[in-house]
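Generate the whole structure from the sequences, applying the supplied hints.
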Amino acid sequence: MNADNNHWWSRLYASYGLSGCVALVMLVFLLLVPLLPGKFWTHVGTEILILGLFAMSFNLLYGYMGQISFGHAAFFGLGAYATAMLFTRLKTSGGEIATVDFFVSLLAGPPVAALGALIVGFFCVRLTGIYFAMLSLAFGELLFYIVFSWYSFTRGDDGIQGLLPPPYFQDAVHYYYLTLLIVIAALAVMWRITESPFGYIMRTLRDNQRRAAFLGINVRLHMLANFVIAGAFAGLAGALWGPFSRSVSPGLLGWQESGIAVFMTLIGGAGAFIGPIVGSVIYTLLQAVVKMYTVYWPLTIGTIILLIVLFLPGGVLGMIEKRLRARRGAGAAAGPDRQS
Amino acid sequence: MDVAPYLLQLFSGLSRAMVLFLLSAGLSLIFGVMNILNFAHATLWLVSGYVTYSIFTFLSEQFGVSPWMLLPAIVGTVTLMSLVGFALERFLIRHTYERELPEQLLLTFALVLILGDVIKLIWGLENRRINLGVQPIEMLDTLVNPYQFVIIGTGVTVAVGLWYFLHRTRFGKIVRAAVYSRNMVSALGIRIPMIYAMVFALGVGLAALASGVFLPLLPMSLGVDHDIIVQCFAVVVIGGFGSMLGTFVASVIVGVVYSFSILFWPDGALAMIFLILIVVLIWRPWGLFGTEMRY
Amino acid sequence: MSAILEVTNLHKHFGGIHVARHVNFSLDEGEQSAIIGPNGAGKSTFMNLLTGYHRCDAGKVVFEGRDITNKPPHTIARMGISRAFQVSSIFSKMTVAENVRSAVHAQLRRSFSIFGAASRIGTEDTDRVLALCGLDAKRGLVAGELAQGDKKRLELAIALAGKPRLLFLDEPTAGMSIDEARGTMELVDRLNRELKLTVLFTEHDMGIVFNHAQRLTLMHRGEIVVQGTPAEVRANATAQQVYLGEHQV
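These protein sequence lines map, in sequence, to chains A, B and C.
794 is the number that my numbering gives to position 54 of the first sequence; each next residue is one higher, with no gaps.
162 is the number that my numbering gives to position 168 of the second sequence; each next residue is one higher, with no gaps.
146 is the number that my numbering gives to position 31 of the third sequence; each next residue is one higher, with no gaps.
Worth flagging that the hints you see were computed from the coordinates, not collected in a lab.
It cannot be assumed that every hint is accurate.
[What the hints assert, rightly or not] 27 Å max Cα-Cα, derived DSSO-like pairs, lysine-lysine: (1) A:K831 - A:K779; (2) A:K1062 - C:K311; (3) C:K208 - A:K1062; (4) A:K1031 - B:K167; (5) C:K186 - C:K311; (6) A:K1062 - C:K253; (7) C:K266 - C:K175; (8) C:K253 - C:K208; (9) C:K253 - C:K175; (10) C:K278 - C:K208; (11) C:K175 - C:K186; (12) C:K278 - C:K266.
[Said to hold, decoys possible] Stretch-level coverage of chain A by chain C, calculated; a stretch enters the list once three of its residues show a Cβ under 8 Å from a Cβ in chain C: (13) 868 to 880; (14) 938 to 947.
By construction, the Cβ of each residue, glycine as well, lies at the ideal position given by its N, Cα and C atoms.
Printed below as a string of structure tokens:
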């Protein structure tokens, strides 16, 4: 068929799909970000990575399992707060924290978020579609208001300040590479999960829950497992966020924050593994640039989302995938036994 | 026992409930008929508030300040916003009927962002409120804002009017039929696209009415729509999508619970609402008055 | 031959409508049997009740000596019962091979396995089932884009991947051309013969039924009216009345 089948990029595409190729390209750029002048772009890069991880965790529920969770930011926030609170306890009265303690506090995020996801998920997996969305929204808002009003424990609307990383990681570039390392590791684990039998079962739950039950799948139990996994990854992203922005606030748990994950996923494309990260790159970069020139960022992103929903429903990667399929001929096989 | 504070909260709760009802009725109707969850509903309400304010201010400058200027302002706003709603459905919302749920939600959410900034562009950042100069009256040894009675009265009137419209008029019956089965209604030769556009316009019109009624009580400011829309969702889900009776009852529940929660747990009043929502969704997802088959 | 499935006094009503009235039914091991009846007789509902999709109001269902009454679908599926639906119920965004492979993973009890590459687990079983159902050439196609007949074949393949001992088929040839229907039923015959698979299917096409069923059960308004070999049922006066609309329950 094509003469370029033996080229390395054809083999990459055959093995890892579009996501693999895009991920490789992005990795090269991401490694080079700190070379740009000033700290600004490094900061933006860190934000892209953290929020991208958050969006990836959302897509585990949406793109792979077919449910939309409007309360997913609650787990992002829980992870952020868990880390922030442990951080605050472990730091010295002088406001500094030892490197070991810093990593210990990071470790607190995912388990707390996963526990939250276990409780919330127990109820949410009984529903699907709009009701799943509503219930997850309700839990998210409930958790938001609990954090907001429990002043003695969480400092309420004041948030938790003073999350200064240890000296080595106060340098934006060092924190950036740490984040990059953690995010790459997390994504590798996510990839393994989505390409495992469990991942395939998730897809069956997305496409036809009833049929999956008749295959012998305990639908609720599997959905709950995925919900907890997604919550844990969101918690990891939250854990990284606190020391990055030096503070946490209740807004991290709200539905507007959940909305960001949804935007990113839809912009990049929910059907591709790396879609949410692509979405994060586009969204965060756009935000950084647009805010330099105008205060009307909501108008800008609102219009873009409108245009994407109307004209690019599969997101950027979805559109690219469609073009590639068309070029290889209509009805061509979708690749060796896999989705990208 | 001193009844006064409780009575105060009751009236406050009921008037809050009526505003929620006026706002949620449109949302419930739109979802019931077209299966679209209009995130932008509260934002359209907010826009309506600003429009009402502008018309009121303009009329007051022409003819002198008077509470009676509010009526034409409301009428004007409702007309204008209904047309806006009609146009929105016709040109934007229509394209999402065949789409997945998140895409529909994102479209309306995009409208929230866009309209929010449109408000900023036209009216700037300050709050808007209307002071009708209504004096509080004394009731049971305490001061009550009589305007709350106007709100309650309006809410009940609209509720009755809506009921009459849906159950006694031909158009209303078509709308109710469409809630149950789009295809059948279409097969009966009724032009569904027109119905949808008019239902959306009606929904937005109700929201506009809600804003006009609300304006003398509390100021309109940017961001209020974000808080209110989730309460509207709660009301619609608790009451049951597409059921006006459900929306009314749920509005009363939410409004009154919120008001009384303020007495005991001010910061957590909204948490109570979400707790109720969670309970309803777990126990009876289609709501108090919703139909099980829609679930 | 022992009875692999015994149904006693099965009863179900939706509101005022009785869809199963005290039904007694049994299937012998290795049998290939059909349920027939006019529309609304309750054939599909009967299948739904047996596979846990609806709750019975009364009655008992025993499979291989174990009580499966009102157990959830996934439990029943894991015990060795598979079903194919009347309207193709497949995983439309996954490829044909992935559809079958997922069913294989479920059967292998590896559904919680997050380690191990899915595309390399269960390959043997997947290939076998695909070949059996004639879908090997189409393994890379996205299931949602298949032709109707292929979708039904995929439906069957998914059911077979569960290595069932009892297979329910709800109108397996619905919407198929004569050739396709013949091919499908010949496959079912083969499965019944070679794998000793007990098959119960519902059908409207009498030609198919008389050529591919060892025993017939005629249902009408939720009740079993006649049972026996195809010849016996065909000659039965009550059966004729049911189809001509004269039979009163």
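Here's how the hints hold up against the structure:
1. Between K831 of chain A and K779 of chain A the alpha-carbon distance is near 26 Å, which keeps this suggested pair within the 27 Å criterion.
2. Taken as a hint, the K1062 of chain A and K311 of chain C pair is broken in the structure, with Cα atoms around 45 Å apart against an allowance of 27 Å.
3. Pair hint K208 of chain C plus K1062 of chain A holds up; C-alpha atoms about 14 Å apart against a cutoff of 27 Å.
4. For the suggested pair K1031 of chain A and K167 of chain B, the alpha carbons sit about 49 Å apart, so the restraint of at most 27 Å is broken.
5. Of the supplied pair hints, the one linking K186 of chain C and K311 of chain C holds, its CA atoms being roughly 25 Å apart against a limit of 27 Å.
6. Restraint check: the Cα-Cα separation between K1062 of chain A and K253 of chain C comes to about 20 Å, which is no more than 27 Å; the hinted pair holds.
7. This hinted pair does not check out: K266 of chain C and K175 of chain C have alpha carbons roughly 33 Å apart, beyond 27 Å.
8. With a CA separation close to 15 Å, the supplied pair K253 of chain C and K208 of chain C stays within the 27 Å bound.
9. Pair hint K253 of chain C plus K175 of chain C does not hold up; C-alpha atoms about 41 Å apart against a cutoff of 27 Å.
10. Our distance criterion of 27 Å between C-alpha atoms is met by K278 of chain C and K208 of chain C, whose separation comes to about 24 Å.
11. For the hint linking K175 of chain C to K186 of chain C, the alpha-carbon distance of about 11 Å falls within 27 Å, and the restraint holds.
12. A distance of roughly 19 Å separates the Cα atoms of K278 of chain C and K266 of chain C; the hinted pair therefore holds under the 27 Å criterion.
13. Counting residues of the stretch 868 to 880 of chain A whose beta carbon lies closer than 8 Å to any beta carbon of chain C gives 0, which falls short of the minimum of three for the stated coverage.
14. Figure legend: the stretch 938 to 947 of chain A, annotated as covered by chain C; annotation consistent (8 residues with Cβ-Cβ distances under 8 Å, at least 3 required).
Checked against the numbered hints listed earlier, the structure breaks hints 2, 4, 7, 9 and 13; every other hint is satisfied.
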